[in-house]
Amino acid sequence: MRHYPTILSQEIRALLFSPITYITSVLFLLVMGLDFTAILDYYSKGAHENPPAVYFFESFWIPVFFMVPALTMKSFAEERRMGTLETLLTTPVSTAEVVLGKFSAAYLFYLLLWGSTLIFHYILHVYARDARYLDMGQLIGGYLFIAVSGLLFVSVGVLASALTRSYEVAAILSFTLLFGLIFGLRFLGQASAMNAEILQPLKPTVELLQIFHHVDDFTHGVVDTRQVFFYVTGTVLALIFSVLGVEFKILKS
Amino acid sequence: MSRVRIPDCMAEIPDITIEVSHLKKSYGSLHAVNDLSFSVKRGEIIGLLGPNGAGKSTTMRILTGYLPATSGSVRICGLPVASQSQETKRFIGYMPENNPLPEDMRVSEYLWFRGRLKEMPRAKLRSRIDEVLELCDIKRNRHRIIGRLSKGNKQRVGIAEAILAEPAIIIMDEPTIGLDPHQILIVRDLIASLRGRMSVIISSHILPEIEATCDRVLIINSGRIVAQGSPSELRQEIFGHASYRIEFAGDAGALAHHLSTIEPTLKIVAVSEPATDGFQVATLMTDSTSDLGEKLLQGLPIQGYRIRSLGRTQPSLEDVFLAATRRSWDARLPDKKPGQGDDRAPLPKA
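These protein sequence lines are chains L and B, in that order.
The opening position of the first sequence corresponds to residue 1 in my numbering, with each subsequent residue numbered one higher.
The opening position of the second sequence corresponds to residue 254 in my numbering, with each subsequent residue numbered one higher.
Heads up, some of the hints might be wrong.
[What the hints assert, rightly or not] In silico EDC-like cross-links for lysine to aspartate or glutamate, where the CA-CA straight-line distance does not exceed 20 Å:
#1 L:249 - B:390
#2 B:392 - B:350
#3 B:404 - B:390
#4 L:252 - B:504
#5 B:548 - B:530
#6 B:548 - B:504
[To be verified] Just the calculated beta-carbon pair ranges, DEER-fashion:
#7 L:119 - B:377: 38 to 48 Å
#8 B:321 - L:191: 40 to 50 Å
#9 B:321 - L:42: 55 to 65 Å
Derived by calculation from the structure, the hints in this document are not laboratory data.
Cβ atoms here follow ideal geometry from the backbone N, Cα and C, with glycine treated the same way.
Full structure from sequences and hints, please.
This is the structure in structure tokens:
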């Protein structure tokens with residue numbers, strides 16, 4: 001792992017120098033800002049059971065769908081298309097180090113962008129002058145969910161990029177995979193076909209994989225280790241598949 | 254991860270840096286490399302020559318450990334690439350085909366990044382970057398963005414990167430492709446300056462370039478070595494003769510007889526009609542390897558011939574290449590020249 005810091009700093013540098021990162025950041029802050037304003041607007045119209053942070057974290061999927069593909073699509077697809085993957089992998093680095101370096105850089109940016117939304121809550125706190133609007137427990141839970149689920153989302157993006165040479169394909173592929181992960185499982189859980197006798201054993205499993213339930217649990221202060229385990233193992237699997245994907249594509253080149 | 258020492262002292266490098274034996278690489282039914290065997294000595298410059306799709310790039314990629322071989326073995330400085338590719342990669346500086354570089358980095362940043370990947374210590378890397386920039390004559394461009402450089406300068410960045418960690422072996426896939434003649438000359442000098450210190454393998458289908466820089470040439474076609482040796486050996490091996498062009502005035506009929514007294518194997522291949530001034534042009538051929546120019550210039554005037562010009566025409570490497578590849582494309586003949594290596598396809602005879 002001695003090359004990991006070199007690759008990580010190179011990847012962070014690449015993200016900092018890429019216009020896509022800035023476009024994504026602006027879009028992210030714009031979308032989340034509008035979302036937050038809409039939530040506050042909704043609040044001003046009547047009393048609600050949950051504080052605004054709960055609704056805010058429930059819309060986690062909106063930025064995930066464009067942010068993760070944008071941050072990860074270039075990681076392998078671009079290098080493969082340019083041919084620089086060949087020069088990279090003919091130095092004494094292992095594919096695992098490269099995958100991990102690229103993943104970490106994208107994940108750090110993911111966290112950084114989400115971290116910047118902390119200021120929304122701060123502004124709300126300053127202007128509302130009401131402690132009820134800023135429940136630290138919910139914020140910590142919510143951001144913990146963002147950090148843990150981000151592992152899986154970003155690794156899925158890296159996997160999509162590892163499987164193709166065109167970053168457009170990588171972006172669409174990671175969007176599709178993320179959509180399947182977030183909404184596909186939700187539709188599956190609600191589908192009436194799941195009530196069939198033969199599928200009964202699967203039902204509890206599908207119930208456990210509902211990411212929207214995870215958000216709820218986290219923001220209400222329930223940190224279920226089964227959920228954390230799901231995200232961590234999912235991440236490890238996606239990264240292993242990325243390593244295999246990169247090496248398999250070389251074999252076929 | 255085990256820490257293996259960086260090959261910075263030449264004493265660690267064995268005399269044979271690359272050993273390839275019975276290397277095969279197939280993609281389904283297509284054999285990109287077919288039973289290739291050769292070895293490279295320390296400090297030798299080898300040219301891989303072959304038409305497009307001959308297996309040059311594939312061979313190089315296998316040497317670097319980027320692609321696995323289907324069968325056969327490759328040893329880099331005594332270590333097998335198949336099982337210890339992390340170690341063998343430390344001995345190699347590689348510049349792939351088309352020299353891929355990150356467009357958005359500055360030259361010095363890129364070299365720094367590559368040096369760190371190649372496990373060079375920071376303190377040494379700083380001075381080494383200055384050194385290679387000087388060597389490749391890109392010091393003026395060190396702070397420029399690679400994407401904005403001219404093609405020739407990009408090529409030099411690629412070469413600077415390949416020699417950065419002072420590897421024992423440098424592999425360059427078509428280093429002069431797309432350069433203008435002046436830049437080709439510079440790159441060629443740069444490669445020649447590595448002679449004796451590093452083993453260099455370059456591939457090309459530009460023949461004069463190979464001829465000018467390489468100690469030894471391997472001509473590859475359809476994944477096989479069809480001929481190998483120094484450029485002059487190859488000429489000798491493929492054609493086995495030299496030819497002369499002579500402009501003379503005198504008795505054309507008796508010329509053949511007079512020539513055989515000078516050198517028994519001299520034959521007249523063609524004689525032109527005499528011009529108005531009486532001079533004729535004759536093409537002579539001989540199996541002799543020594544230069545017969547002086548003998549002809551002295552011997553023929555004694556027999557009453559007047560000579561206006563004499564020239565030795567050598568088959569160019571291009572002829573050798575064409576002859577060798579053409580023959581390997583034709584039905585591979587079963588007869589071999591006696592004394593040839595078994596790993597070679599039959600060569601055309603003179």
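Outcome of the hint check:
1. A distance of roughly 37 Å separates the Cα atoms of residue 249 of chain L and residue 390 of chain B; the hinted pair therefore is violated under the 20 Å criterion.
2. At most 20 Å may separate the alpha-carbon atoms for a hinted pair to count; residue 392 of chain B and residue 350 of chain B exceed this at roughly 24 Å.
3. Of the supplied pair hints, the one linking residue 404 of chain B and residue 390 of chain B holds, its CA atoms being roughly 14 Å apart against a limit of 20 Å.
4. Pair hint residue 252 of chain L plus residue 504 of chain B does not hold up; C-alpha atoms about 68 Å apart against a cutoff of 20 Å.
5. Straight-line distance between C-alpha atoms of residue 548 of chain B and residue 530 of chain B comes to about 25 Å, which puts the hinted pair past the 20 Å bound.
6. Our distance criterion of 20 Å between C-alpha atoms is met by residue 548 of chain B and residue 504 of chain B, whose separation comes to about 19 Å.
7. Look at residue 119 of chain L against residue 377 of chain B: about 45 Å separates their beta carbons, and that is inside 38 to 48 Å.
8. As the Cβ distance of residue 321 of chain B to residue 191 of chain L is approximately 45 Å, the hint placing it in 40 to 50 Å holds.
9. Here the CB-CB span from residue 321 of chain B to residue 42 of chain L is close to 59 Å, well matched to the stated 55 to 65 Å.
The structure is inconsistent with the numbered hints 1, 2, 4 and 5, although it conforms to all the rest.
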